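Trainee: Sequence:
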Amino acid sequence: MGDETPGSYNVHVIVTSQSNPSVTDEVAITTSVGYAFAISISASKTQTSIGGNLTYEVNLASNQNVADDFTLDVVGIDASWFSMDNSCHLMASETKAISLKISVPDTASSGNHTVVVSASSSKLGTTREASASLSISAGPIIFGLTPANGTHTGATDVLFAWTSSVNSTTKLFIKVQGGADYTLITGNDSISHAVSAGNLTRSTWYDFYVRS
1040 MGDETPGSYN VHVIVTSQSN PSVTDEVAIT TSVGYAFAIS ISASKTQTSI
1090 GGNLTYEVNL ASNQNVADDF TLDVVGIDAS WFSMDNSCHL MASETKAISL
1140 KISVPDTASS GNHTVVVSAS SSKLGTTREA SASLSISAGP IIFGLTPANG
1190 THTGATDVLF AWTSSVNSTT KLFIKVQGGA DYTLITGNDS ISHAVSAGNL
1240 TRSTWYDFYV RS
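Be aware that the sequence shown starts at 1040, since it is given in my numbering, and climbs by one per residue.
I should point out that these hints are in silico values taken from the structure, not numbers from a laboratory.
Just so we're clear, the structure is a prediction, and the values are computed from it rather than from any experiment.
Errors might be hidden in some of the hints.
Once the Cα atoms are required to be at most 27 Å apart in a straight line, the calculated BS3-like pairs of lysine-lysine come out as [stated by the list, open to error]: (1) K1084 / K1210; (2) K1084 / K1140; (3) K1135 / K1162; (4) K1135 / K1084.
Derived CB-CB ranges, DEER-like [what the hints assert, rightly or not]: (5) K1140 / V1066: 28 to 36 Å; (6) T1153 / W1244: 38 to 46 Å; (7) T1243 / D1124: 30 to 38 Å; (8) K1140 / T1222: 37 to 45 Å; (9) G1150 / L1198: 19 to 27 Å; (10) S1231 / T1069: 35 to 43 Å; (11) A1077 / A1200: 35 to 43 Å; (12) G1217 / Q1086: 28 to 36 Å.
By construction, the Cβ of each residue, glycine as well, lies at the ideal position given by its N, Cα and C atoms.
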């Protein structure tokens, strides 16, 4: 199988009787052709901070009926920022997931990048590529804060938890809704943060925010 242009192709076959040329029949055949191989890239998170880490998953799929060797390359970020296998062997009709691990150094600058991963077939001599965004912020990014805004609970002790893009401080600021001052509750520096607020009053709304 070569790397033909994908699409639908129509073929008309006309059969004529040798003994009676006036007798004919016709058959229409539609054939769908796809790429000989395909590459894609995805990640659960594409945002991190200076000094942070992310993992992207690169999927390489062969639609060929023979084995093939592929050369992999990454552009769009400095070569010192990532680690990934630079080659991949696929059997006929095989798909493999390849990890692309990105570690943003402390010397990097904040900004947006486009990470482009390419795969080159040794048998076909063709290259395909896929891309994903990478956003780098100067400070920590907070993910998955719980409890969510507007949460109702009957407990007087509530655990607040979140994750951050890099190791950072754990600070919860909380006050009775309409109150003048926030109370600061701190925890250990971490990537996975958890801090408990105790002695809360039932049937009372509280305002809170966290900082890392």
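Trainee: Does K1084 pair with K1210 here, judged by a C-alpha cut-off of 27 Å?
Mentor: Satisfied, since the Cα-Cα distance of roughly 23 Å is no more than 27 Å.
Trainee: Check the hint pairing K1084 with K1140 against an upper bound of 27 Å on the C-alpha distance.
Mentor: Between K1084 and K1140 the Cα gap is close to 12 Å, so the pair holds against 27 Å.
Trainee: If I claimed the Cβ atoms of S1231 and T1069 lie 35 to 43 Å apart, would that claim hold in this structure?
Mentor: 54 Å Cβ-Cβ, so the 35 to 43 Å window is violated.
Trainee: Quick check: does the Cβ-Cβ distance between T1243 and D1124 fall within 30 to 38 Å?
Mentor: 55 Å Cβ-Cβ, so the 30 to 38 Å window is violated.
Trainee: Measuring from beta carbon to beta carbon, are G1217 and Q1086 in 28 to 36 Å?
Mentor: 34 Å, holds
Trainee: Between A1077 and A1200, does the beta-carbon spacing fit 35 to 43 Å?
Mentor: 39 Å, holds
Trainee: Given the proposed pairing of K1135 with K1084, does the C-alpha separation stay at or below 27 Å?
Mentor: 21 Å, holds
Trainee: Given a hint of 28 to 36 Å, does the C-beta separation of K1140 and V1066 actually sit inside it?
Mentor: Violated, since K1140 and V1066 (Cβ atoms, about 53 Å apart) do not stay within the stated range.
Trainee: Is K1135 within 27 Å of K1162, Cα to Cα?
Mentor: 18 Å, holds
Trainee: Go ahead and decide if the range 38 to 46 Å is satisfied by the Cβ distance of T1153 to W1244.
Mentor: 44 Å, holds
Trainee: How does the Cβ-Cβ distance of G1150 and L1198 compare with 19 to 27 Å: does it lie in that range?
Mentor: 35 Å, violated
Trainee: Within 37 to 45 Å or not, the Cβ separation of K1140 and T1222?
Mentor: This hint holds: roughly 40 Å between Cβ atoms.
In summary, the structure is inconsistent with hints 5, 7, 9, 10 from the numbered list given earlier, while agreeing with the others.
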